[in-house]
Amino acid sequence: MRHILSILVENEAGALSRISGLFSARGYNIESLTVAPTEDATMSRMTIVTVGSDDVIEQITKQLNKLVEVVKVVDLTEGNHIERELMLVKVRAAGKDRDEMKRLADIFRGRILDVTDKSYTIELTGTGSKLDAFLTAIEPGVILETVRTGASGIGRGERILRV
Amino acid sequence: MQLTGAEITIRCLQEEGVEYVFGYPGGAVLNIYDELFKQDKVKHVLVRHEQGAVHAADGYSRSSHKVGVALVTSGPGVTNAVTGIATAYMDSIPMVVITGQVPTHAIGQDAFQECDTVGITRPCVKHNFLVKDVHELATTIKKAFYLAATGRPGPVLVDIPKDVTQASCEFAYPKTISLRSYNPVTKGHAGQIKKAVQLLLDAKRPMIYTGGGVILNNASAQLTRLVRLLGFPCTNTLMGLGAFPGTDPQFTGMPGMHGTYETNMAMQHCDVLFAVGARFDDRVIGDPKHFYRADRKIIHIDIDPSSISKRVKVDVPIVGYVADVLDEMLKLIESSPQRPDSAALKSWWAQIKEWQRKDCLKYDRASKLIKPQFVIEKLYELTKGDAFITSDVGQHQMWAAQYYKFDKPRRWINSGGLGTMGFGLPAAMGVQMVNPDATVACVTGEASIQMCIQELSTCKQYHLPIKIVNLNNRYMGMVRQWQEFFYGNRYAESYMDALPDFVKLAEAYGHVGMKIEKPGDVEGALREAFAQKERLVFLDFITDQTENVFPMVPGGKGLTEMILAEEL
Chain A
3 MRHILSILVE
13 NEAGALSRIS
23 GLFSARGYNI
33 ESLTVAPTED
43 ATMSRMTIVT
53 VGSDDVIEQI
63 TKQLNKLVEV
73 VKVVDLTEGN
83 HIERELMLVK
93 VRAAGKDRDE
103 MKRLADIFRG
113 RILDVTDKSY
123 TIELTGTGSK
133 LDAFLTAIEP
143 GVILETVRTG
153 ASGIGRGERI
163 LRV
Chain B
22 MQLTGAEITI
32 RCLQEEGVEY
42 VFGYPGGAVL
52 NIYDELFKQD
62 KVKHVLVRHE
72 QGAVHAADGY
82 SRSSHKVGVA
92 LVTSGPGVTN
102 AVTGIATAYM
112 DSIPMVVITG
122 QVPTHAIGQD
132 AFQECDTVGI
142 TRPCVKHNFL
152 VKDVHELATT
162 IKKAFYLAAT
172 GRPGPVLVDI
182 PKDVTQASCE
192 FAYPKTISLR
202 SYNPVTKGHA
212 GQIKKAVQLL
222 LDAKRPMIYT
232 GGGVILNNAS
242 AQLTRLVRLL
252 GFPCTNTLMG
262 LGAFPGTDPQ
272 FTGMPGMHGT
282 YETNMAMQHC
292 DVLFAVGARF
302 DDRVIGDPKH
312 FYRADRKIIH
322 IDIDPSSISK
332 RVKVDVPIVG
342 YVADVLDEML
352 KLIESSPQRP
362 DSAALKSWWA
372 QIKEWQRKDC
382 LKYDRASKLI
392 KPQFVIEKLY
402 ELTKGDAFIT
412 SDVGQHQMWA
422 AQYYKFDKPR
432 RWINSGGLGT
442 MGFGLPAAMG
452 VQMVNPDATV
462 ACVTGEASIQ
472 MCIQELSTCK
482 QYHLPIKIVN
492 LNNRYMGMVR
502 QWQEFFYGNR
512 YAESYMDALP
522 DFVKLAEAYG
532 HVGMKIEKPG
542 DVEGALREAF
552 AQKERLVFLD
562 FITDQTENVF
572 PMVPGGKGLT
582 EMILAEEL
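If you read the sequences in order, they're chains A and B. If you're matching positions, the first sequence starts at 3 in our numbering and goes up one per residue. If you're matching positions, the second sequence starts at 22 in our numbering and goes up one per residue.
Certain hints may be false.
[Said to hold, decoys possible] Simulated pairs of lysine to any residue, SDA-like, Cα-Cα distance not exceeding 25 Å:
1. Lys334(B) with Ser46(A)
2. Lys153(B) with Arg143(B)
3. Lys74(A) with Asn204(B)
To be clear, the hints were calculated from the coordinates, so they are not data collected in a lab.
Just need the whole structure built from these sequences, with the hints factored in.
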């Protein structure tokens, strides 16, 4: 099963490699990992998307908690949550395809950030599967470059992760 | 008052009450060594190789319950220390390792004797720090000692660049430390403890299985009381030997790959298994699927939540310090009107006695060759079971664990988790340092001893009268045993050719050497060695080359699928 782990971690040099090292040393998967400081600059929040059986996820959570710099770990997928990922995609947009590309971006609520006479750079946010859907909707040949952040997540309603 | 980083480092060690630092100097730690030189509170023990420093600090800690301290230089000093650090990590030994680093401005420049110490050691420490600012040095060292000794203990490394040891600032050693990200659960959950006690009192075929956690948390007294109060059979793992007296009739011997027949049978056929500070290691339970197939309830106390349900699902997990949890359990049991089911226990003990009749540790006592088991039995008799025994890794380690009956905790010192050959001699140095008047014997083999043989020189310098019991079978015995059983007698590279003359070697280092070739001479030689209270004696026992360790659960097999001596 796919799980989204939210981790509050001390904003210290080496914390990221401790966490990524844990995943590789113990053979756990990382589908994506995002990290940035929180409103409290001494702390970072990390979102890791991973796949594993319940037993494996339980071990991952325990092993993460064991790391001295990890303050808190929550499995967002245990409850209602919101998940978003940002993608920047540069596509070929010339001739008659140009209008079609604009329409498609609109349908997916994308924003065109940069324009040349041959290309658009489109910003899209959404769940991972929405971004996947956009990429399958456009012709593969027109994609020049993509970059994705990996998922960030937050609990719905009163569910709050903080110290 | 302004102190330099080097002065601060030493002051911190003094504040922590550190008696001994095991180390080896080098460029990046010269300032620290200079400060060590100027004081006499903290004594330095100069080893001959950094691996020895860490093992010695480790042996010191295991035998004393204090935090061991090692000090090494940057680069090769650190890489040599890594085996020792990983050894301590696998066995959860509280330790602080201070390492020198190239100056901060040179970090990342591929400087002379530079290595990424924090990166290299990250997977084998509880935590590590690189101190880039002298203002953070004292707090960091305080944190290191705190982290090393609390929760599940382990080695903590502090990497100090040379310029930080030169820079100065005001010194104040923090009295206490708190880390928002580090709050181990130390007190067991009351509801879970109640549940566990009820399970134990209702048990028909109980088994108590305890590990290194009982020793590390000094919980032997509580464990012993509990086992006797309940009247249940008890086993101690390789890491847990001595937690419950080895001579007690309720002790059934070690479990696992080379555990006793009766213990392994009881582990599998019990209806309630009570695991205390043990982690269901692959060498203890064999194939986890086979182990789990048995229909029994498992209670598990551990300080580390990640040890629980890692290899085997348990029914009643309790996270907390073993000593505290056992105290709570004792209170509940003592105040409960219910007693264990004596009729059920009687028939369970009858079953265990039946298994014991296999006499799984018997060996050929009439042999004309020296049997290694015989040497250990004599060692046990002559030291009255009261020595500190360190060991290396292999057959000799298993024989020592099987045939020396440990009645007290912290007497059996071996590398259980990492299985580090070369551990025994330097560990014995640490043990002898903290127990100067005690009998310390290092049970080893001719292969293991050569991995840290250079420490014989350290033993000379510090007058450490260790007795080295070398079970010399001219083979890497355990490798040979596996090759005999599983590789069609193809002894690939396991023969120890071109062995040194250990007697001359011992003498060359300034010690006493003895070579013993006949069973009839074993006792006399041991007596003679122990009579030499001031000297290190190297006893080279020429043992039966073909002797194997039994019982044996082959790797990947179920715990009850044992090979016994009689079956071959």
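How the hints compare with the structure:
For the hint pairing Lys334(B) with Ser46(A), the CA-to-CA distance comes to about 33 Å; that exceeds 25 Å, so the pair is violated. Under the criterion of a C-alpha separation no larger than 25 Å, the hint pairing Lys153(B) with Arg143(B) is consistent with the structure, at around 17 Å. A threshold of 25 Å between alpha carbons decides the hint, and for Lys74(A) with Asn204(B) the separation of about 11 Å falls inside it, so the pair holds.
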